[in-house]
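Please take these sequences and the hints and turn them into a complete structure.
Okay, here's what each chain looks like letter by letter:
There are 2 protein chains.
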Amino acid sequence: MPRFADLQVSAFLDALANPEPTPGGGTAAAVAGAMGVSLLMMVAGLAKSRSGSEVERIALSEARAVLSSVRDRFTTLADADSVAYQQVMAAYRLPKDTDTEKAARKVAVQQALTAATAAPLETLRASGEAMRLASVVAEHGNRNAVSDVGVGIGLLQAAADGAIANVRINIGSLQDESFKTSASTDVDTISKRIAADAAAAKQSLES
Amino acid sequence: MPRFADLQVSAFLDALANPEPTPGGGTAAAVAGAMGVSLLMMVAGLAKSRSGSEVERIALSEARAVLSSVRDRFTTLADADSVAYQQVMAAYRLPKDTDTEKAARKVAVQQALTAATAAPLETLRASGEAMRLASVVAEHGNRNAVSDVGVGIGLLQAAADGAIANVRINIGSLQDESFKTSASTDVDTISKRIAADAAAAKQSLES
Chain A
3 MPRFADLQVS AFLDALANPE PTPGGGTAAA VAGAMGVSLL MMVAGLAKSR SGSEVERIAL
63 SEARAVLSSV RDRFTTLADA DSVAYQQVMA AYRLPKDTDT EKAARKVAVQ QALTAATAAP
123 LETLRASGEA MRLASVVAEH GNRNAVSDVG VGIGLLQAAA DGAIANVRIN IGSLQDESFK
183 TSASTDVDTI SKRIAADAAA AKQSLES
Chain B
3 MPRFADLQVS AFLDALANPE PTPGGGTAAA VAGAMGVSLL MMVAGLAKSR SGSEVERIAL
63 SEARAVLSSV RDRFTTLADA DSVAYQQVMA AYRLPKDTDT EKAARKVAVQ QALTAATAAP
123 LETLRASGEA MRLASVVAEH GNRNAVSDVG VGIGLLQAAA DGAIANVRIN IGSLQDESFK
183 TSASTDVDTI SKRIAADAAA AKQSLES
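Just so you know, the sequences run in chain order A and B.
When we follow the numbering used here, the leftmost residue of the first sequence carries the number 3, and every step to the right adds one.
When we follow the numbering used here, the leftmost residue of the second sequence carries the number 3, and every step to the right adds one.
Do not take every clue at face value.
One copy or any two copies: either way a pair holds, since identical chains are not told apart in the list.
[Claimed, not checked] In silico BS3-like links for lysine-lysine, alpha-carbon gap of 30 Å or less: (1) 194 - 108; (2) 98 - 50; (3) 50 - 204; (4) 104 - 194; (5) 98 - 204; (6) 194 - 98; (7) 98 - 182; (8) 204 - 104; (9) 194 - 204; (10) 108 - 50; (11) 50 - 104; (12) 204 - 182; (13) 194 - 182; (14) 108 - 182.
Read the hints as simulated data drawn from the structure, not as lab findings.
Now the structure itself:
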C-alpha cells in the first residue's frame, strides 16, 4: 500500500470515494488533523506575531516545532488506520469450519480489533496535543490570520470527533472489558480537554 | 500556480504550513469538503445499502452522482480561494502616492475583496448541498459504514464553518452595504439549513 501522503490529493480523494473499505473515516480524520495542524504552523510561522514581543515570537516558534512533529504523527496514523482495518477484515475472513478454526479466528478478530482501536485513540491524542497548541497560536498569532486559526481548530475538532466515532465502533465488538473501560475513559478525558482548549482558543481569537 | 488537487498530499500540507498567505483556511476548508464528500461517495457506492431495497439502491446511486459533481466544485474552489486572496494582496500593494492612485487602489481592493467573498460563499453553498445528500446517505447507507458517514458529516461541518469565517472576515473590510447584507443573509440561511440537515443525518445514523 502506498503512503497516503505520497498520493496526489486527487488520487487520495478517489481512494476515499472508492467503495473499497480502506481508506475510510479513520484515515480521513488523521489527514484532517494534519491539515488543521498545517494551518496552525502557517500562523505560528508568520513574521509578525500578535504583540510583536520577543517572548511571543519564542512561544510561537516552539509551538511550530511541536506542531510539526504532531503533523508527522497524523500522517503516519493515516496509514496505520487503514492497515489496522485491513487486518480486521483479514481476521474476519479466516476459516471457521472446525471448532479449532473458530477459536483461532475469534482470537485473531479480537487482536485485530484491539489494534484497530489503538489507531484512532492515537489520532485522538494527537488532536488533543494539537488543540492545546491551537490555544497558544490563537493567543499569540497575528490578528490578520484569525480565520486561518479558526479553520484549523474546526479541522482538529473534526479529526477528534472522527477518531472518537472510530474508537466507539470498534469498542462495540471488543470483549476485553478492562481494555474497553480504559479506552472509554481515555476518550472521555481527552475529549473534555479538547473541548476546553478549543473554547479557550476561540475566546482568544475573539479578544 | 499548480492545481492543489495535482499536488501530493504531503506537498499540499507543506504549502498550507508555509508562512506564505496562500493556500490558507479557505483552501483547506474546500479540501475538507472534498474529503467529506468522498467518504459519503464511498458509502453511497457500497454494494449493500441499509435495507437492500431497489428504491434505496437508486437513491444512493443518484446521491453518489450528485456528490461527485459537488466534489468537483470543492476542488475548483480550493484553487479559486487562493487565487482570489492573491488578488486581494495584489490590490493592497498598488501604489497610493497620489489621490488618483489612492482612488484606483480603493476600487481595486473593494473589487478583489468582493471576489474573495464569493469563493467561500460558494464553498458554503457546496457544503450545504453535500450536507443535504449526507442525510440521504445516512438514512439509506449500509449500517457498517456509520462511522464513515459520521466523519464525512464532521468534515462538511468544518468546511462550512471555515467558509463562514472567511466570508465574515472579508465582509468586515467591504463597503458595499447591499452586498454585505445579501452575503450575511445567505450565510444565515444556508448555515441554518446545514445545521438542520446535519442533525437529521446524525439522527438517521443512530436509528
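Hint numbers the structure violates, sorted upward? 1, 4, 5, 6 and 8
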